[in-house]
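S.K.: Sequence:
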Amino acid sequence: MSGQGREGGHQPAAGGGQGVQPAAPQAGGQSAGERRLTGSNKPPKYEEDGRFDLYKAMMRSYLTQRQCWHVVTGVETRDDNDADLKRQFDERDELARDAILRGVLTKDAVRMCNYNYTHELWEALEQEKTKRAFSNGLLLRKKIYSYTYTPEMNMETYLDDMEMMRRQLRSLNDPITDDEMVKIILQGAAFEYRGVVRIFDKDVRDGNIPSLSEVLKTLRS
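Those letters in the sequence shown? Residues 0 to 220, by numbering that gives the first Met the number 0.
Please keep in mind that the hints were generated in silico from the structure rather than gathered at the bench. Treat the hints with caution; some may be incorrect.
[Stated by the list, open to error] Derived pair list, reagent style DMTMM-like, types lysine to aspartate or glutamate, alpha-carbon separation capped at 20 angstroms: (1) 201 x 213; (2) 85 x 75; (3) 142 x 160; (4) 128 x 52; (5) 182 x 159; (6) 130 x 90; (7) 141 x 178; (8) 142 x 162.
[As the list claims (entries may be wrong)] Cβ-Cβ distance ranges computed for the label pairs, FRET-style: (9) 109 x 82: 48 to 58 angstroms; (10) 151 x 93: 54 to 64 angstroms; (11) 125 x 197: 21 to 31 angstroms.
The structure presented is a predicted model; accordingly, all values stated were derived computationally and were not measured. The beta carbon of each residue, even a glycine, is placed where N, CA and C say it ideally should be.
Construct the complete structure from the given sequences, taking the supplied hints into account.
M.R.: In structure tokens:
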């Protein structure tokens with residue numbers, strides 16, 4: 000940084016006041032005074048049982064404020080013909096890489112740390128997490144559709160288990176509608192609660208699906 004603006008080098012501001020020193024540049028050539036960072040100074044963390052799209056949204060916000068998100072998405076690429084642009088890209092790439100590796104689980108960071116560029120690292124991470132979420136969603140859907148109420152179970156426990164699986168599917172971006180949930184619950188309770196199921200059966204077959212709250216209230220009564 001040049002000596003201008005430091006002791007002995009700056010001129011007094013009009014009216015005899017002290018001159019304002021220039022803001023120190025940040026990575027990528029941005030001055031500290033140009034953009035106010037919001038939120039945490041620490042990169043967001045990916046949770047084992049969390050949704051990748053939530054982590055992605057938080058990371059996008061974090062890196063966009065630091066002018067690094069386009070490096071991650073591949074919109075900004077390295078210009079080997081311009082030394083200054085190449086340096087700026089490398090600074091942003093390193094900042095983004097550090098944030099992502101600090102945010103993910105250690106087992107993921109170990110697998111992803113050897114990619115040359117952050118864009119490659121992020122692309123591999125996104126594909127892996129999306130594929131895993133899809134696989135988990137299929138298994139969970141199979142489980143909720145086959146989950147059956149048995150005599151030794153408590154109805155409240157059965158309904159709580161069903162709701163828990165529904166929430167898990169929602170967290171995997173595979174939501175179940177209320178109408179679909181009505182059919183699943185009645186199907187699971189059909190053997191032990193034939194009378195209740197019979198009450199709603201005709202309406203369901205005719206396409207007049209009862210409300211989920213009505214079905215839950217009847218089963219709990």
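S.K.: For every hint, state whether the structure bears it out.
M.R.: Here's how the hints hold up against the structure:
1. 201 x 213: holds, 15 angstroms
2. 85 x 75: holds, 11 angstroms
3. 142 x 160: holds, 11 angstroms
4. 128 x 52: This hinted pair holds, its Cα atoms lying about 9 angstroms apart.
5. 182 x 159: holds, 16 angstroms
6. 130 x 90: violated, 31 angstroms
7. 141 x 178: Satisfied, since the Cα-Cα distance of roughly 17 angstroms is no more than 20 angstroms.
8. 142 x 162: Roughly 12 angstroms separates the two Cα atoms, so the pair holds.
9. 109 x 82: 48 to 58 angstroms: At 33 angstroms between Cβs, range violated.
10. 151 x 93: 54 to 64 angstroms: The hint (54 to 64 angstroms, Cβ to Cβ) holds, given that residue 151 and residue 93 are roughly 58 angstroms apart.
11. 125 x 197: 21 to 31 angstroms: violated, 48 angstroms
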